[in-house]
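Residue numbers (the working numbering), protein chains in the order written: chain A, 1 to 289; chain B, 1 to 778; chain C, 1 to 165.
In short, the hints are calculated from the structure, not lab data. Misleading hints may appear alongside valid ones.
A short, non-exhaustive set of chain B residues, derived as facing chain A with CB atoms under 10 Å [unchecked claim]:
(1) T641
(2) K683
(3) Q685
(4) T694
(5) S696
(6) A698
(7) A704
(8) T706
(9) A763
(10) A765
(11) V768
Far from chain B by the CB rule (all over 12 Å, computed), these chain C residues [what the hints assert, rightly or not]:
(12) A8
(13) D56
(14) N71
(15) E116
(16) A159
(17) G162
All figures in this text were calculated on a predicted structure; none of them were measured in a lab. For each residue, glycine too, the CB sits at the ideal point set by N, CA and C.
Chain by chain, the residues run as shown.
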Amino acid sequence: MKPPPFSYHDPKTVAEVVGLLATLDNAKLLAGGQSLMPMLNFRYVQPDHIIDLNRVEGLAYIRETADGMEVGAMTRQRDLEFSDLVEKRFPLMHEAIGSIGHRQTRNRGTIGGSLCHLDPSAELVSCAMTLDATVVVAGPNGRREIEFADFPVAYLTSAVEPNELLTAIRFPAWPAKHGYAFVEFARRHGDFAIVSAAVLLEVDGAGKITRAAVTLGGMGTGPVRASELEKTLIGRAPSGDFLRQACESCRTLEALDDVHAPASYRQHLATVMSRRALEKAYARATGKA
Amino acid sequence: MNGGTFGKNVERLEDRDLLTGNGRFVDDIRFAGTRHAAFVRSPHAHALIRGIDAAAARAQPGVDAVYTFADLRPHLTTGRLVVALPTPAFRQNVDRPVLASREVVHVGEPVAVVIAASRHAAEDAAALVAVDYDALPAVVDAEAALAPGSPTVHHGGPHNLVAAFDLGFGDVAAAFAGAAHVFGEKFRIDRGGSHSIECRGVIASYDANEDRLTVYSSTQTPHACMRMLADLLGRDENQVRVAAPDVGGGFGPKLVFYQEEAVVALAALLLRRPVKWIEDRREHFISTTQERDQVWDAEIAVDAQGRIRGFRGTLIHEHGAYTARGVNVPYGSAAALTLGYEVPAFRLDIKLALTNKVPVTPVRGAGQPQGVFAIERMLDRAAHGLGIDRAELRRRNLVPADKMPYRTQLKTRGGMQVVLDSGDFPACQRMAIERAGWSEFKARQAAALRDGRYIGIGIANYVEGTGRGPFEPVTVRIAPSGKIHVYCGAAAMGQSTKTMLAQIVADELGGDMGALTVTTGDSAATALGLGGFNSRQAVLAGSSAHAAAVKVRDKALAVAGHMLECAAPDLEIAGREIRVKGAPNLKVGFAEIARATMGTPGYYLPGGVDAGMEASESVVINDMTYANGCAVAEVEVDIETGAVHISNFVFVHDCGRAIHPMIVEGQVIGAVAHAVGNTLFEKMQFGADGQPLTTSLADYLLIAATEMPTVDVLHHEAPTPLNPLGIKGVGEAGTLPTAAALVSAIEDALSPFGVRINHVPIAPAEIVAKIAAGRRQA
Amino acid sequence: MGETRKIAVTVNGKRYEEDVEVRVTLADFIRHQLGLTGTHLGCEHGVCGACTILFDGRSARSCLMLAVQANGHEILTVEGIAPGPDKLHPLQQAFHENHGLQCGFCTPGMLTTLIEFLRDNPDPTEQEVRIAISGNLCRCTGYQNIVISALDAAKRLKAEAGHQA
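The shape of chain A in the complex, shown without the other chains (with noise of 0.2 Å):
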């Protein structure tokens, strides 16, 4: 399982990576190599060109904004993972990343390799989702601004043009003490998610929701807000079994069927884990956690 043969560069400014990609055919860009490699070792891919995006400068960092974060696109998921003002802010991308694979796959992967691949189940694509995040793009025309709603395409296939490059992730922070939760279920540690559940929540004084975000990963070809359920939250203050009964609409939602799971398994796992992840988030959100 040896790679095929392949031209290599390795540019050092943002210029650099737009111009190569505006002249080469057949080029991928390597980040942080956990997902590339894996395909170019089975020949699953056959580029002529590698851009190494390793060697340019000024594409990792983590930047506090005045209405959040802002995320260089080649910082590594493990520098997220011990980021203090991620964990402080941003709770929810706190408690995903340590599903993110293994130790070894945290300390390479990059937040801009994993939200370009757009596996359905990527834990930074569905936190990316919840947070209504923005994707800043390089490109021969300069830069663009996607709204993160706007960036999955198709089955692994982002808004990102052939020609142009991410370069920054834009995060609006919630408000302090918001409901947060994240929970998957994986058949081993660190596998991806057969269905994941990335869950905001507002909470006021009453404790009746007042915003909500619910985004379910690894259903379909990609992650999807469940804004039947969200809506159906607001201005709820949840008992019983107000929530078992409002995640029956996750039931719907479309599903894929693959060697991990059928897709009436991974419906039954949404309205499971949707489930959970507000009861967390809501006894989190309501100082009971």
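Given chain A, work out where chains B and C should sit, using these hints.
Using the frame of chain A, we list chains B and C on its own:
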């Protein structure tokens, strides 16, 4: 004997090199000028080959050769690998061709080989070999394969029944006719692959000066490999040397002789350059043998007290596309089934079905876990049906200790009567259920249920035939250097063979483990050898090592006595010296006595001994020795996700005397891990066209440390009278009862829903479906 | 030979300057070009962990890196763990005394993973150890003695640190 090494947790000889990165696995071996092989493999489960065009591949830079069957056949004495263990059960001969030429019958079957400057270049060129295939229908299910009108796995073949036989004793018809209760069930047991972390590999080098072909192969059977190569290549046995270097796990499939070994060896001869082939993980999924489906239709007949009157059934066993070993896997299932219990009548009709998949040969347990599964599940059914506690029902049926040795009515494949030589099965079960808190469990279960938690407990016993004979040669020699050299036909694959042999020899010869160097798995070091499988090496090689060491000990004392002018009983061996008891300054060293037996021209040998301070023994033991044990598993099932958590796992085992307790425990625990995988995680999946769907470790799930429970291992020791050391095999024990105990526990946890599990491995999705079905029926 | 690059990489404290084909993985480079065969290949798709090395002090799967990416960096392999030719690191000693290895093929990856883990987590619980090695597959031991070895190593390292303090 008084060296103090037997039965102790001595330091392992293997560790230092392995811990410091100085192991020598087959891919670590280098010869100058080595070329690398990549195989062109069938992408179809079944197809005719119309033609092979290797011109483009041959023209690639760095390519030395591309070989097809047509290129190699003139240099081989035969075109097929005939390896089957003898049995009259075969209905068809389906031996593997060295390379496919007219037809391919499973995805992954090798069709051609590219030899090039690097593996990278070889893979590049292999992609350019154009094979013209005509796809044919593929047979993917063993039951369907035997149905009338099924397409044939081999084009032009008569049908897909490759072998059939039955095993039985007693009057089964009468037993069932007169029984108070009969319970029946159908099971499907899909065992998996071995997936040693090191895949296969072979490097071959021809030395023209010596006219000798040297082959290092990651194999469990170097002598068999040597003999096959000698036969295939038309060379004499002393012109071919096969040695197993450090082997990164074997677990069964590496005992098989493979096409790749023949092709790489021949390529080295033809090219007159060393050739290396290292299997990658994707190849391991599609070309290394594995175990797969068994379909059981079983019935148990019991009296009103739950005592077994009879057991009968049919077994359809999936054989794969070729014969790469024999019928031993289903034979082992049948043979293991009744052993733990007093079963007056038994009959199992077995059919082996061809399918268009990789051949099936033993994986750790070698069919025995499936036989244990069948009877243990039926005992649970009977217990449930009669309202008798599952452990109590078993206690009523276990062969009692006072009946040992217990002559069963079974025979082994070689025709030897199966006699359970020793063991206290009821005591082992007692130990297990006490340790696991069996009698208190019902109360705990009820309390958990009130909390909305579903916990269950399960039990299974096993008896395992170990120490497959007839022998394993060992030579023990005290060298003129004063070190003790041990040579053995056995093959090591991680089970501490070298340490085991050293302990046994050191125990007779001074107790200094540092004095020993042990050579295993080398066809040049011992003329004969069988290798590692069937949990046999401690028993067979250990017995030979002991016998040889005792002979050398006697010789050493005789020579030392002559030199020190005293009688043998007045001497003791300590470290590398032999000294007079009570007068430690009167001594001779190993080096001296070794030299004394080298012979001086014209002089008598000292002490009346014959030449050389050495002895070679091949102790013949035909009867297998039977190990036994009991597993009790406790699980908690998350009924919303179907996830199974193993909260407790007790494993009582009896392997006779333990040579090295820590190593023994390590073998038990390691085997349990395979079985946990086979019960809950590992499943080879195939499409309707025979395409394997799980061909990476991301899809085929080997358990990691987070999925493995802590195993509470308890020992019971019933030494066997069949060898002087009293030892039994233990390498596979952990696989035998584990699936049965786990399934018993899961069903117990889910009994509020009436869940029945008759297909393993079982995934969470299936558990959720069964709970839902159980709820609907309620 | 395809396209090549010159690289300079420090492995186990020793500097190497080599020409390397750009498509060769770091694992193959370490094993075959540098001759350090202690790092093993078990899957070449990033699941088994046998190829784990420390890259600038952080564990990484060397089968998922290109050798050219190592230019200017520092690598620790299993061969660099022992403090001297006839000594064993406390982690290696713990594996030896607790039967933490059988065939030894997964062991180098386990050791490098645990070197990093115990450095960053000197006082782990059993569950933390199991999670730490969840990316390293073993088919021989069932992990139990590896976990015991890691916990024993943690004790030894703490005692060593205590003596040096």
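Hints, verified against the model:
1. Satisfaction of the interface hint for B:T641 is found here, the shortest Cβ-Cβ separation to chain A being roughly 5 Å, below the 10 Å cut-off.
2. Taking 10 Å as the C-beta contact cut-off toward chain A, the hint placing B:K683 at the interface holds, the least distance being around 8 Å.
3. Taking 10 Å as the C-beta contact cut-off toward chain A, the hint placing B:Q685 at the interface holds, the least distance being around 5 Å.
4. For the restraint placing B:T694 at the interface with chain A, the shortest Cβ-Cβ distance is roughly 6 Å, inside the 10 Å limit, so the hint holds.
5. Checking B:S696 against chain A: minimum C-beta separation of about 8 Å stays under 10 Å; hint holds.
6. Taken as an interface hint, B:A698 checks out: its beta carbon lies about 8 Å from the nearest beta carbon of chain A, inside 10 Å.
7. Given the 10 Å rule on beta carbons, the hint for B:A704 holds: about 6 Å separates it from the nearest Cβ of chain A.
8. Interface restraint check for B:T706: the shortest CB-CB distance to chain A comes to about 4 Å, inside 10 Å, so the restraint holds.
9. The interface hint given for B:A763 is met, as the beta carbon of that residue sits about 8 Å from the closest beta carbon of chain A, less than 10 Å.
10. Checking B:A765 against chain A: minimum C-beta separation of about 4 Å stays under 10 Å; hint holds.
11. Interface restraint check for B:V768: the shortest CB-CB distance to chain A comes to about 6 Å, inside 10 Å, so the restraint holds.
12. With 12 Å as the threshold on Cβ separation, the claim that C:A8 sits away from chain B holds: the shortest Cβ distance comes to roughly 22 Å.
13. Listed as a non-interface residue, C:D56 keeps its Cβ farther than 12 Å from every Cβ of chain B; the least gap is roughly 20 Å.
14. At the 12 Å boundary, the C-beta of C:N71 stays outside the reach of chain B, the nearest C-beta of that chain being 20 Å off.
15. Residue-level check passed: C:E116 sits 16 Å from the nearest beta carbon of chain B, beyond 12 Å.
16. With a minimum CB-CB distance of about 20 Å to chain B, C:A159 clears the 12 Å threshold, and the non-interface call stands.
17. C:G162, annotated as away from the interface, keeps every beta carbon of chain B farther than 12 Å; the closest lies near 24 Å.
Checked against the numbered hints listed earlier, the structure breaks none of them; every hint is satisfied.
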